[in-house]
Amino acid sequence: MSAQKNPKKSQCTSRSKVIPLASTLRLSSIYFTLVFLTGFLLGAIRQGFIIPTFHLARSRAELIEMPFMVLCTLHWARWLIHRYEVPPVAKIRIVVGGLAMGMMVVIELIGEYFVNGRWETEGDEGYWIRRGAFAVAMGLFGAMPWVLMVVGR
0 MSAQKNPKKS QCTSRSKVIP LASTLRLSSI YFTLVFLTGF LLGAIRQGFI
50 IPTFHLARSR AELIEMPFMV LCTLHWARWL IHRYEVPPVA KIRIVVGGLA
100 MGMMVVIELI GEYFVNGRWE TEGDEGYWIR RGAFAVAMGL FGAMPWVLMV
150 VGR
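Each residue of the sequence shown is one higher than the one before, starting from 0 at the first, in numbering that gives the first Met the number 0.
Since the hints were made in silico from the structure, they are not lab data.
Predicted, not measured: the structure shown is a model, and the values here were computed from it.
Distance windows between CB atoms, simulated:
hint, residue 1, residue 2, range
1, Val17, Gln46, 36 to 46 Å
2, Met137, Gln46, 16 to 26 Å
3, Val114, Val17, 35 to 45 Å
4, Ala21, Ile63, 33 to 43 Å
5, Val149, Leu20, 21 to 31 Å
6, Ala56, Leu20, 42 to 52 Å
The C-beta atom is built at its ideal place from N, Cα and C for all residues, glycine as well.
Make the full structure from the sequences, and use the hints.
Have a look at this one:
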């Protein structure tokens with residue numbers, strides 16, 4: 000008699016190292032949500048405390064916040080990989096990070112439009128520096144699951 004396959008087995012087997020699309024979307028959504036909520040919290044602290052207390056321009060305050068966001072991204076990516084046992088396969092990790100990055104970019108653009116009532120364009124002296132730093136941070140956010148695999152963590 001042939002052995003029946005158990006449908007409740009792990010979604011990722013050690014032989015195939017394939018994660019179904021639904022699981023990939025779920026992992027990306029979890030990663031996005033954790034980093035977004037952390038950024039939301041840090042943004043509230045920046046807007047409500049840092050800017051008024053130290054009389055900083057928005058662009059300077061965002062640049063000060065950026066390293067903390069990158070560290071939080073590193074933390075949440077490591078947590079996600081260990082908690083959900085994401086296999087060390089480049090394709091899987093790139094897809095998880097890329098989908099989460101896509102979600103983050105869409106939400107950031109929508110939020111920017113609704114908060115300012117318009118798309119921001121060269122409003123202050125630090126606009127291009129802030130946009131460049133944001134692009135680097137987004138790239139790190141999307142690549143972090145893969146980077147952790149390459150580094151071996």
